[in-house]
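Residue numbers (my numbering), protein chains in the order written: chain Y, -8 to 395; chain E, 42 to 172.
Hints were generated in silico from the structure; no laboratory data involved.
Some clues are possibly wrong.
[To be verified] Dumping the calculated EDC-like pairs for lysine to aspartate or glutamate here, alpha-carbon to alpha-carbon at most 16 Å:
#1 K99/Y to E159/Y
#2 K334/Y to D311/Y
#3 K36/Y to D20/Y
#4 K247/Y to E155/E
#5 K179/Y to D194/Y
#6 K126/E to E72/E
#7 K141/E to D79/E
#8 K141/E to E74/E
#9 K253/Y to E155/E
#10 K122/Y to D86/Y
#11 K251/Y to E155/E
#12 K154/E to D240/Y
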Amino acid sequence: MEYLVRFAQSHESFRQPELQALATLAGIDIEIIYYKKYSPYCVVKLQDEAAARAFISRSILARDIFELWGSGTNYEELHADVRRRTEHRWRDYKDVSFRFTIDCFAAKRSWNEKKAIVDSFSYFGFDGPIKMKNPDEDFCVLEEYLWEVEALKKGLVSGTEVHDMPRELQRIFFGRWIADSSRELITKYDLKKRRYISTTSMDAELSLITANMALAAPGKLFYDPFVGTGGFCVAAANFGALTFGSDIDGRSFKGKEMAKGKPMGLFSNFQQYNLVSQFVDAFTSDLTNTPVHSRQFLDGIVCDPPYGVREGLKVLGSRDGPKEVLMVDGVPSYTLPGYVPPKKQYGFEAMLNDILNFAARTLVTNGRLSMWMPTANDEEVELAIPKHPNLEIVSSSIQPFSHC
Amino acid sequence: MKVLTSNFTACAVKTCKTSSASFPLHFRNAELELQELDFQPEFIRNILPRIDWNALHMTANELGFPKLPESKPEGDMLNDEQTLKDLHRLLLETHVTEGKLVCENCGHEYMIKEGIANFLLPSHLAMADVL
C-alpha cells in the first residue's frame, strides 16, 4: 500500500534518515517512492495501515500520514488515478461523517477555488454528514507548487522576479488521513520552558530527532558522555529509554541551585517532564579516562561533544605531562575536598577517535551512536565522516547554518 | 549513584584496565537511600544479560543486600514478577548518596557526594591515548 507522508519544512537532510530509523524501530519495511528535497510531500510503500500508524507516531519531522488515494500532475490525471485505485472502496465511506481540506504548498487558493476542487470529487457519492470538527474520515487534497526557494536555488528566477513568480502546480495528491506524528513534542520540550538549560543546550526538535535516530525505546539503556544540561537524555527518556550521563565538568549537570539544597539541575528537568523513572545517574568523568567498563551494554549513545568551537576542548592531564603529587599537611592534595584536577587542551581528531573507540567497545550489536560534529559549511568539499572498523555508518545529515 | 551504574563502572586509571581487581569498584562508608520508581520489567529483562553477576554479588554484599540468587536468573525466572521486582529495587531504586568507591588494584578512592560520583583523576594518574 502507498502512503503519503506530509513533512514539516524543517531540517531537510534529516527527514529520510528519521523515517528509515523509525521503520527499523517499528520492525517494518519501508520503500520511499517519491521524495523531493524542496517538497513537504513524500510517498512511501508500507505493508498496511497499522505499520503506517506505528512508525509515524514517533516522527518529529513528519506532520502526519495519509493513505494515498491518487496523484497526478493535473486534476484530470488525479481523478483518473483516484478512480482506478479506490472506486471499489467508495461504498465503505458512503454514510460516515467526513471532511475535505485543501493544503496548498507554496501557493494560496481562494474559497471559491477550493469549493470547486471539493465539488469535483462529487462522483464519490458520499451521503454522510460533512463535519468540520472530528469527522469519522478526513480527506485531503495536497497541491505541490514550485517553491520560491527552489526556483531561486536552481536559478529559474532572479531575486527581483521571485515575488511575482507565476504559481506553477507541479503535482496533486489525494489522501485519507491516517495518523499524526509526535511533532507536538517540540512544544512540550521547548527550551524556553525548560527548568535547567545552558548556552550550549541543543534545541528540542534536534534532540528528539537525535534520540529517534539512535532508536531510543522502552527497555533500552542510553548514555551521553557529554551530558551537560541533559537534553539528549531527556529526549531519549521521553521515548522510554533509561538514561545516564557524565561530564568532565560536574557543575554543568549539577547547576548552581544544587548548593542551596535544590535537586541537581539535570534531574530537575526529569522532574519537570515526569520522567524521573527514566533517570539512572549522572557522574563526573572524562571520556578519555573513562570509568565506564569496557564491555557491550549500551543500546544507544547520544551526544554533542565539545569540539572547542564554542566551549574549550579539554581532557584530564596537564600540558607538561604528569605532575608530582603535591602534599598538603602530609596528605596528597588530590584527596582533599575541593581539589580540581588539571585539564589540558585536546585535539578534535583525538576526541573523535576516543568517541568512536568508546562506542565500539560499549554498544551492543545493533546499538547506535548518534552524535553531532561541526563541519565547514562548504558544499564543494565532501563531508568526511569519521569511521571505525567495527561501526557501520547508517546515515549522516547536515544542519546548515546559513540558510539557502 | 545507583547499583546499576556501579555494575558498569570500573577504575578509570589506564594501568588498572588490564587488572580484574579494578572491577567492580568497592563501596566504602556508603549511605544508602531508596527512591521508588516505576517498575519497568522490560528494562530489567533487557539489561540482565549484560549485568556482571559476580560483581553484582560483591556490591550487594557490601551494601547489605545478601539475598541475591546465587546464579543469574534466566529463562522462566525472567517471567517471575517478584524476581524482577527485587532486581528493580536493587539496581535502580537503591542508590548511594555519600561514600567512596575504591579500586582494589590501585587503591584509588572515588568520592560520592550528594549521589554524584566523581571519577576525575589527579594529574599523576590521568593520561590520553593520543596527544
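Cross-check of the supplied hints:
no.	hint	in the structure
1	K99/Y to E159/Y	holds, 12 Å
2	K334/Y to D311/Y	holds, 11 Å
3	K36/Y to D20/Y	holds, 8 Å
4	K247/Y to E155/E	holds, 14 Å
5	K179/Y to D194/Y	holds, 12 Å
6	K126/E to E72/E	violated, 22 Å
7	K141/E to D79/E	violated, 28 Å
8	K141/E to E74/E	holds, 15 Å
9	K253/Y to E155/E	holds, 11 Å
10	K122/Y to D86/Y	holds, 12 Å
11	K251/Y to E155/E	holds, 12 Å
12	K154/E to D240/Y	holds, 15 Å
In terms of the numbered hints stated before, the structure departs from hints 6, 7, listed from lowest to highest.
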